[in-house]
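Residue numbers (numbering that gives the first Met the number 0), protein chains in the order written: chain A, 0 to 462; chain B, 0 to 462.
Treat the hints with caution; some may be incorrect.
Unchecked claim - Covered stretches of chain B (chain A as the covering partner; in silico rule of three or more C-beta atoms under 8 Å from a C-beta of chain A):
1) 31 to 44
2) 73 to 84
3) 244 to 257
4) 381 to 390
What the hints assert, rightly or not - Some chain B residues near chain A, calculated using beta-carbon distances under 7 Å:
5) Ala353
6) Asp413
7) His415
8) Arg416
Because the hints were derived from the structure by calculation, they are not lab data. Cβ atoms here follow ideal geometry from the backbone N, Cα and C, with glycine treated the same way.
2 protein chains.
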Amino acid sequence: MKNKLVFLFSLLLSSNLGIAQQDSIMLDQIYRHSFYKGKAYDDLKILTKEIGHRIAGSPQADEAVKWSKSLMETLPFDKVYLQDVAVPYWDRGEKEVSRIVDTEESLSVLALGGSVGTPKNGITAEVVEVEYLADLSKLGDAGRGKIVFVNKPWDESHVDAFVAYSLNSSQRSRGPVEAAKRGAIAYLFRSLSSSIDDYPHTGGTRYAKDIDSIPALAISAISANKLSEALKKNKNLKVYIKQNSQWKPKVNTHNVIAEWKGNIHPDKIITIGGHIDSWDVGEGAHDNGTGTMGTLDAIRTLMALGYKPKHTIRLVYYMNEENGVHGAIQYGVEAQKNNEQQIVAIESDAGGFAPRGFDIKASQDAVSWVVNNWKPLFEQKYWVSRFLAGSPGVDSGVWGSKFPNTIMFNLRPDPHRYFDVHHTAKDVFERVDRRELQSGVGALASLLYLVDTHYEAIPNQIK
Amino acid sequence: MKNKLVFLFSLLLSSNLGIAQQDSIMLDQIYRHSFYKGKAYDDLKILTKEIGHRIAGSPQADEAVKWSKSLMETLPFDKVYLQDVAVPYWDRGEKEVSRIVDTEESLSVLALGGSVGTPKNGITAEVVEVEYLADLSKLGDAGRGKIVFVNKPWDESHVDAFVAYSLNSSQRSRGPVEAAKRGAIAYLFRSLSSSIDDYPHTGGTRYAKDIDSIPALAISAISANKLSEALKKNKNLKVYIKQNSQWKPKVNTHNVIAEWKGNIHPDKIITIGGHIDSWDVGEGAHDNGTGTMGTLDAIRTLMALGYKPKHTIRLVYYMNEENGVHGAIQYGVEAQKNNEQQIVAIESDAGGFAPRGFDIKASQDAVSWVVNNWKPLFEQKYWVSRFLAGSPGVDSGVWGSKFPNTIMFNLRPDPHRYFDVHHTAKDVFERVDRRELQSGVGALASLLYLVDTHYEAIPNQIK
Numbered sequence: 000m001k002n003k004l005v006f007l008f009s010l011l012l013s014s015n016l017g018i019a020q021q022d023s024i025m026l027d028q029i030y031r032h033s034f035y036k037g038k039a040y041d042d043l044k045i046l047t048k049e050i051g052h053r054i055a056g057s058p059q060a061d062e063a064v065k066w067s068k069s070l071m072e073t074l075p076f077d078k079v080y081l082q083d084v085a086v087p088y089w090d091r092g093e094k095e096v097s098r099i100v101d102t103e104e105s106l107s108v109l110a111l112g113g114s115v116g117t118p119k120n121g122i123t124a125e126v127v128e129v130e131y132l133a134d135l136s137k138l139g140d141a142g143r144g145k146i147v148f149v150n151k152p153w154d155e156s157h158v159d160a161f162v163a164y165s166l167n168s169s170q171r172s173r174g175p176v177e178a179a180k181r182g183a184i185a186y187l188f189r190s191l192s193s194s195i196d197d198y199p200h201t202g203g204t205r206y207a208k209d210i211d212s213i214p215a216l217a218i219s220a221i222s223a224n225k226l227s228e229a230l231k232k233n234k235n236l237k238v239y240i241k242q243n244s245q246w247k248p249k250v251n252t253h254n255v256i257a258e259w260k261g262n263i264h265p266d267k268i269i270t271i272g273g274h275i276d277s278w279d280v281g282e283g284a285h286d287n288g289t290g291t292m293g294t295l296d297a298i299r300t301l302m303a304l305g306y307k308p309k310h311t312i313r314l315v316y317y318m319n320e321e322n323g324v325h326g327a328i329q330y331g332v333e334a335q336k337n338n339e340q341q342i343v344a345i346e347s348d349a350g351g352f353a354p355r356g357f358d359i360k361a362s363q364d365a366v367s368w369v370v371n372n373w374k375p376l377f378e379q380k381y382w383v384s385r386f387l388a389g390s391p392g393v394d395s396g397v398w399g400s401k402f403p404n405t406i407m408f409n410l411r412p413d414p415h416r417y418f419d420v421h422h423t424a425k426d427v428f429e430r431v432d433r434r435e436l437q438s439g440v441g442a443l444a445s446l447l448y449l450v451d452t453h454y455e456a457i458p459n460q461i462k
Numbered sequence: 000m001k002n003k004l005v006f007l008f009s010l011l012l013s014s015n016l017g018i019a020q021q022d023s024i025m026l027d028q029i030y031r032h033s034f035y036k037g038k039a040y041d042d043l044k045i046l047t048k049e050i051g052h053r054i055a056g057s058p059q060a061d062e063a064v065k066w067s068k069s070l071m072e073t074l075p076f077d078k079v080y081l082q083d084v085a086v087p088y089w090d091r092g093e094k095e096v097s098r099i100v101d102t103e104e105s106l107s108v109l110a111l112g113g114s115v116g117t118p119k120n121g122i123t124a125e126v127v128e129v130e131y132l133a134d135l136s137k138l139g140d141a142g143r144g145k146i147v148f149v150n151k152p153w154d155e156s157h158v159d160a161f162v163a164y165s166l167n168s169s170q171r172s173r174g175p176v177e178a179a180k181r182g183a184i185a186y187l188f189r190s191l192s193s194s195i196d197d198y199p200h201t202g203g204t205r206y207a208k209d210i211d212s213i214p215a216l217a218i219s220a221i222s223a224n225k226l227s228e229a230l231k232k233n234k235n236l237k238v239y240i241k242q243n244s245q246w247k248p249k250v251n252t253h254n255v256i257a258e259w260k261g262n263i264h265p266d267k268i269i270t271i272g273g274h275i276d277s278w279d280v281g282e283g284a285h286d287n288g289t290g291t292m293g294t295l296d297a298i299r300t301l302m303a304l305g306y307k308p309k310h311t312i313r314l315v316y317y318m319n320e321e322n323g324v325h326g327a328i329q330y331g332v333e334a335q336k337n338n339e340q341q342i343v344a345i346e347s348d349a350g351g352f353a354p355r356g357f358d359i360k361a362s363q364d365a366v367s368w369v370v371n372n373w374k375p376l377f378e379q380k381y382w383v384s385r386f387l388a389g390s391p392g393v394d395s396g397v398w399g400s401k402f403p404n405t406i407m408f409n410l411r412p413d414p415h416r417y418f419d420v421h422h423t424a425k426d427v428f429e430r431v432d433r434r435e436l437q438s439g440v441g442a443l444a445s446l447l448y449l450v451d452t453h454y455e456a457i458p459n460q461i462k
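Excised from the complex, chain A in its bound form (with noise of 0.2 Å):
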């Protein structure tokens, strides 16, 4: 099969063919490799139930570093290694416990990542809540010594959630402080989801000098309403927590890179990856199993298909994007240090489903070019038809800030369901479909390809 491909690309090569007609038979054998030999889906399937959840800093990360280094062995890159990165390990501790103390009725939540524990005994206290966080500067003294419950529902009437998280996502990352600046003694905030269930979601949150740091923890979307009812009926009520999260001393970890070398342009650099790290609950299956698995799938479909790169691809897992960002700041500091030509930047940490198209972050000539004559080659027969300006995602974005001549890519998935496994114990391989996940490994592919074979001709490119 492999030499019949190989075969069939030289073929290509050699040919006549008109330049589209070339990029349309690439397309084709790039799908069909992905959906009958792709190995993301296999990957994924040891990554998340070998290694299982793995936040930075963790023994399960480490794992993940170094399984992935010996994965991306087995390719035929010139050059595997890791890259250092010291890391914040932030240890959830024993199982949060949460309860109504009259009734005891259970609470569903989940330490933020970065949270402080509660006392060793715990804290009892009375809850105040309000719906949104600016409600919180009308409080005066009234969650002074309390727990602050900020309860603002998801808004469910866009179609892609990634709206509706950031319309939330305040409640995450500043609300600890906004409470503590009120003199609450902790704080609790629905969970960023979109579903109705008793599964809360993490994620990270910040701390501000001179504010008290408060325990800070996330309650499922039941809970959530059990408690605000049971509010309505007691204002005066207490909620008990216990959580004993802290921060360990810094580990040293890594970022997992390979290099495929360019024949014509070594110098000049496309970078692809998601991040390695995860949150501590669920597998860390869409986040990011998929995108991490997905991108070095990518880069074995053009190596099978025999494909020869024109600009040095690099494949790079990021560590620490979940509390910290340290493994992209890091890339970014290298890369900026060896004065490297960062020309193209594809990321892939938005889930594994399936694949819908792509943001592109450049000028707007560049992003005219490459809709104008990317955009037909996916639209009809590939189902891929979002190719719109807009955002990297979060590590090349952080890097990128060194970088702003670098096209990126941001791989778009379907976002109906994502926030309803994000950041939870629900986020397992079993809610990855294989034919999803190739698909998108197919749109990878197919973009690096077009992006190594084309970039030239796209405007306003580094020269």
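Following the hints, put chain B in place on chain A, whose structure we already have.
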């Protein structure tokens, strides 16, 4: 909430907003209502869990008709009625049994709808395997007195799994006749499925006059592989098949129809719907619980928003799409007899996954007009972007053959997972995602609003 929406809608009508802006506001209201208040998912749960699968002619199909009618009667339709349809009633009988005789390994099979049974004690015979149906013509007498087994695998390379389905569908529709022509005494074929598992996929088949009707069964992908491997080791192995399916007397049943009268062009009819029958395995959730419950919910959404249709909107639940299409045939006969002006047909019968677009059967001018005017309303915000010339659904295609000027829309949901569950025991409620289904309701209600509001502006419309 409802009054507020009615108010908003009135405001919208009376304002001086541009048409596109009015449409855009209306689509926002529709999607918001569908995600927050839509009940397609709840109705689907009743249909699938309380009634279950419902092959035409069965008591469950009768129950589905009665329940559907009562469901429509809860809404402010002008008229709800049953349209008489006589259908053939095929009964599977006891669960099929099949095994490799020597090893006693069981094979997972499902009789095809319409298949005759085996003799009472079953059939034991040698098996002749071919890959393609066309290979049968080379068999000579090798198939005589044997079980013919067509094992053409699914073409996994198509993102649009409906293309792969159509490539293999003659295995199911023409296989039994082709095998019988060569003297076969039974027919097995590899299930039309995108997944490699042990679930066989049933579906309809046909016999021909003057050709023996032989038992015809689908075999699961895993059992097909097992049988094929066993045949490589022993080409004289025998397989046992027993099943006692049969045709029962014709049954008088119904299409279920509801009308919402137009206030400007009451004689011009927009027909929207899907088929209420299903195969007799699983729960007929994606095929076609989602289409029936979804189209009703689309109308209910417009009603809840205070919309008043210009043309008559007619909801039709067709009976017997799966094995005879007698409901759609009857609908066409009646519509023609009454000299109806069928201006538009909308069908949903391709699953309840995330909506991707509509196939459109219309003149090239009409298709271009729809793409230019409506695609921009859907594409960026609602992720519905696939508006292409294409085929109508099966039911509207059948009655539409008598109405060549009717503009026909066929909802195209994401195709990746449909043929995993299609016509199997796996097609159950739990395979449907609420957000995906209600997103489809948003797309259907939006299209319904747009065709009703702007039909007269479409080129080549019926005057």
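Going through the hints against the structure:
no. : hint       : verdict
1   : 31 to 44   : holds (count 3)
2   : 73 to 84   : violated (count 0)
3   : 244 to 257 : violated (count 0)
4   : 381 to 390 : holds (count 5)
5   : Ala353     : holds (5 Å)
6   : Asp413     : holds (5 Å)
7   : His415     : holds (5 Å)
8   : Arg416     : holds (6 Å)
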